[in-house]
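Visitor: Sequence:
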Amino acid sequence: MIRGCKAFNPQESRCAGESNPFFERAKSPLFTPRWSWFVSCVLSNALMYRSTSCNSLRKEHTGHSVTLAGWVNSRRDHGGVIFIDLRDREGLTQVVFRPEEHPQVAEAAHGLRGEDVIQITGTVVGRLTGSENLKLATGEIEVIASALTVLNKADVPPFPLDSKVANEDLRLSYRYLDLRRAEMTQNLKLRHRVAKSTRDFLDEHGFLEIETPILSNPTPEGARDFLVPSRLNPGSFYALPQAPQQYKQLLQVGGLEKYFQIARCFRDEDLRADRQPEFTQIDVEASFITEVEIQSLIEGLLKRIFREAKGVEIPTPFPRMSYAEAMDRFGSDKPDLRFGVEITSLTDIFQDTQFKVFRSVLDGGGVIKAINAKGAAGALSKEQLKKWEEWVKTELGAKGLAYIRLKDGEWESPIVKFFSEAEKAALAARMQFEDGDVLFFGADKHQAVSDVLGRVRLRVADLLKLTEGSTELNFLWVVDFPLLQFSPEDNGWAAVHHPFTRPKAEDMGLLEAGDYARVRAVAYDVVLNGVELGGGSIRIHERELQSKLFGVLGVNDEEQQHKFGHLLKAFSFGAPPHGGIALGLDRLVMLLCGADSIREVIAFPKNNRGVDLMTQSPVSVELRQLRELSISSTVKKA
RNA sequence: GGAGUCUUAGCUCAAUUGGUUAGAGCGCCGCCCUGUCACGGCGGAGGUUGCGGGUUCGAGCCCCGUAGACUCCGCCA
Numbered sequence: 023m024i025r026g027c028k029a030f031n032p033q034e035s036r037c038a039g040e041s042n043p044f045f046e047r048a049k050s051p052l053f054t055p056r057w058s059w060f061v062s063c064v065l066s067n068a069l070m071y072r073s074t075s076c077n078s079l080r081k082e083h084t085g086h087s088v089t090l091a092g093w094v095n096s097r098r099d100h101g102g103v104i105f106i107d108l109r110d111r112e113g114l115t116q117v118v119f120r121p122e123e124h125p126q127v128a129e130a131a132h133g134l135r136g137e138d139v140i141q142i143t144g145t146v147v148g149r150l151t152g153s154e155n156l157k158l159a160t161g162e163i164e165v166i167a168s169a170l171t172v173l174n175k176a177d178v179p180p181f182p183l184d185s186k187v188a189n190e191d192l193r194l195s196y197r198y199l200d201l202r203r204a205e206m207t208q209n210l211k212l213r214h215r216v217a218k219s220t221r222d223f224l225d226e227h228g229f230l231e232i233e234t235p236i237l238s239n240p241t242p243e244g245a246r247d248f249l250v251p252s253r254l255n256p257g258s259f260y261a262l263p264q265a266p267q268q269y270k271q272l273l274q275v276g277g278l279e280k281y282f283q284i285a286r287c288f289r290d291e292d293l294r295a296d297r298q299p300e301f302t303q304i305d306v307e308a309s310f311i312t313e314v315e316i317q318s319l320i321e322g323l324l325k326r327i328f329r330e331a332k333g334v335e336i337p338t339p340f341p342r343m344s345y346a347e348a349m350d351r352f353g354s355d356k357p358d359l360r361f362g363v364e365i366t367s368l369t370d371i372f373q374d375t376q377f378k379v380f381r382s383v384l385d386g387g388g389v390i391k392a393i394n395a396k397g398a399a400g401a402l403s404k405e406q407l408k409k410w411e412e413w414v415k416t417e418l419g420a421k422g423l424a425y426i427r428l429k430d431g432e433w434e435s436p437i438v439k440f441f442s443e444a445e446k447a448a449l450a451a452r453m454q455f456e457d458g459d460v461l462f463f464g465a466d467k468h469q470a471v472s473d474v475l476g477r478v479r480l481r482v483a484d485l486l487k488l489t490e491g492s493t494e495l496n497f498l499w500v501v502d503f504p505l506l507q508f509s510p511e512d513n514g515w516a517a518v519h520h521p522f523t524r525p526k527a528e529d530m531g532l533l534e535a536g537d538y539a540r541v542r543a544v545a546y547d548v549v550l551n552g553v554e555l556g557g558g559s560i561r562i563h564e565r566e567l568q569s570k571l572f573g574v575l576g577v578n579d580e581e582q583q584h585k586f587g588h589l590l591k592a593f594s595f596g597a598p599p600h601g602g603i604a605l606g607l608d609r610l611v612m613l614l615c616g617a618d619s620i621r622e623v624i625a626f627p628k629n630n631r632g633v634d635l636m637t638q639s640p641v642s643v644e645l646r647q648l649r650e651l652s653i654s655s656t657v658k659k660a
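Each residue of the first sequence is one higher than the last, beginning at 23 in my numbering.
A portion of the hints provided could be inaccurate.
No more than 25 angstroms apart at the CA atoms, straight line, and that leaves these computed lysine-lysine pairs for BS3-like [what the hints assert, rightly or not]:
#1 K332 with K396
#2 K439 with K404
#3 K415 with K487
Cβ-Cβ distance ranges computed for the label pairs, FRET-style [said to hold, decoys possible]:
#4 P240 with D618: 31 to 37 angstroms
#5 S382 with G257: 36 to 42 angstroms
#6 Y198 with K404: 21 to 27 angstroms
Calculated directly from the structure, the hints in this document are not laboratory data. For each residue, glycine too, the CB sits at the ideal point set by N, CA and C.
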């Protein structure tokens, strides 16, 4: 069926210049220039499935003979002439079967169905005037088929591949079909582009890509580990790494100086739209580097990624905001600064209030704050405000959500009757309270008020569609995180970042004095539009300091030796000052794709229960396998 | 562990106040059709309304339970 074709004539291939499809092909990622020359000169097409991709042919290729292979994207069978949109990874090309020219081929084409895999050979022709399809990159040409080979027939797909599919369950069950959809292919291409830009950029900056073990040790703090039994060491377990944290620090002790890895990480926690049990981080660590240098490196990396993956120039350096300011003004350590609705302190205004609720909060050392939902009065009826209060109570554990709704000059509120005229006037002035606005109050301890109003702020933005249609890319460094946080559950101090994070030099006195709550860390998060892209820190490199920190975290000497002995010992052999960062690759690609779940940018993700619907993983295993691993299950078979 | 939303044909969705034989578009199958690109025309197949129970003369719709999907809280150093 496959015949020789003009394009494979070396003579012509040399002379045809710009109009030769091989030059076009040379630009296609499928074919390198060297290969196209080799292929065109040496091989006959009997040895190849295709001479070019389905997105490569243009008007200037008219007259060339080509061989294409791909999937039948759609067919338009007119009884006589038949049109097939042939699809491969790169795009679509219209193939025409004409009975008057190739009756047997056209006859065979009647039997083609969607997703059949075929190979065609034919001649590129310009489309009839007026029948060009501007929606297709190849829409000015078509290929008149002179030969057709059906490489594989396809069953009818369980869902359409050419439109949006809502049923994610079904998509994940047939992920290999879902991946054929242009949207998914684009997402994975973009993911590749991000990874490639990352490798290029970090390589150019002297970083070495080094792999660290997947079979590693359980982490005493942090997320639940995935455990892997060791057959050779009965009763012992590996853990899949939650992050390559300790290894990358040990690489610094090992003198590798600049390390990165596009690292798979594993956490056995509940899933979310932006959380999978296995995910990928761009993991970076370097020696003799300062906080500012890491931040500027990452700014450069993100600039490069957005330029090469998205064609967007992002301004650098990113603004910086302290954790304390972020919590104070926006009630979040990853504030979305694309909109205002800032949290404003009213504590001084209500200093002498007679309103019992505020009075007792203030007497107890709490604060009064509020946000102004500008123009939300129309969108928030009394019933809805009641629902918001219910939401705040049940989901956020707040005592309530006081509000004032200003509609037609009237202050509608259950609490405003307790305010004095002076308080009302000062309140209105500070909050720029105008007709149509709704004020939400938080009265509690500082942290609780920040948490609640931070969440209310986001819901207000959602209600008022403050970010809808926005193309703004608002990058931000949040810096000076607290080092430690008291955990009432464990009745002890826990690391906010992780136990290897360096305290700020100027706060070392506070650490010595045991004033743990006020010690700040040399830790930083990079935030984009309210999403945490990544975080890092300068680490502790001194054995004594690390040991002291472990002590503060409640890890006694014996446990330190047992769990972190290797690290402490390493630090005693001349560990260089070092620090790093990790960026969530999935989240980054998700934002670049405009997707609302990282499942959209992972080839084979798990569903909400951690199940791969395509392979049915995880599965139960034979008893024999468990015995081999010296493991018994307590699960009763149903 | 908790809260919410959802589940009707292969897919996306309808179905009035609880009332006849549960409909439409797309897809699929058959026939016709030589310039379409969301091809067109004619015809056809396709349903245990997630599952189980209850109320009722009568349930896709109301009630209870259960399963699953998704979103969120907890959790995620």
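Visitor: For the pair we were handed, K332 and K396, check the Cα-Cα distance against 25 angstroms.
Guide: violated, 34 angstroms
Visitor: Determine whether the Cβ-Cβ distance between S382 and G257 falls within the hinted range of 36 to 42 angstroms.
Guide: violated, 56 angstroms
Visitor: Tell me if the straight-line CA distance from K415 to K487 falls inside 25 angstroms.
Guide: holds, 24 angstroms
Visitor: Regarding the pair K439 and K404, is the alpha-carbon distance no greater than 25 angstroms?
Guide: holds, 17 angstroms
Visitor: If I claimed the Cβ atoms of Y198 and K404 lie 21 to 27 angstroms apart, would that claim hold in this structure?
Guide: The hint (21 to 27 angstroms, Cβ to Cβ) is violated, given that Y198 and K404 are roughly 52 angstroms apart.
Visitor: Can the suggested window of 31 to 37 angstroms be confirmed for the beta-carbon pair P240 and D618?
Guide: holds, 33 angstroms
Checked against the numbered hints listed earlier, the structure breaks hints 1, 5 and 6; every other hint is satisfied.
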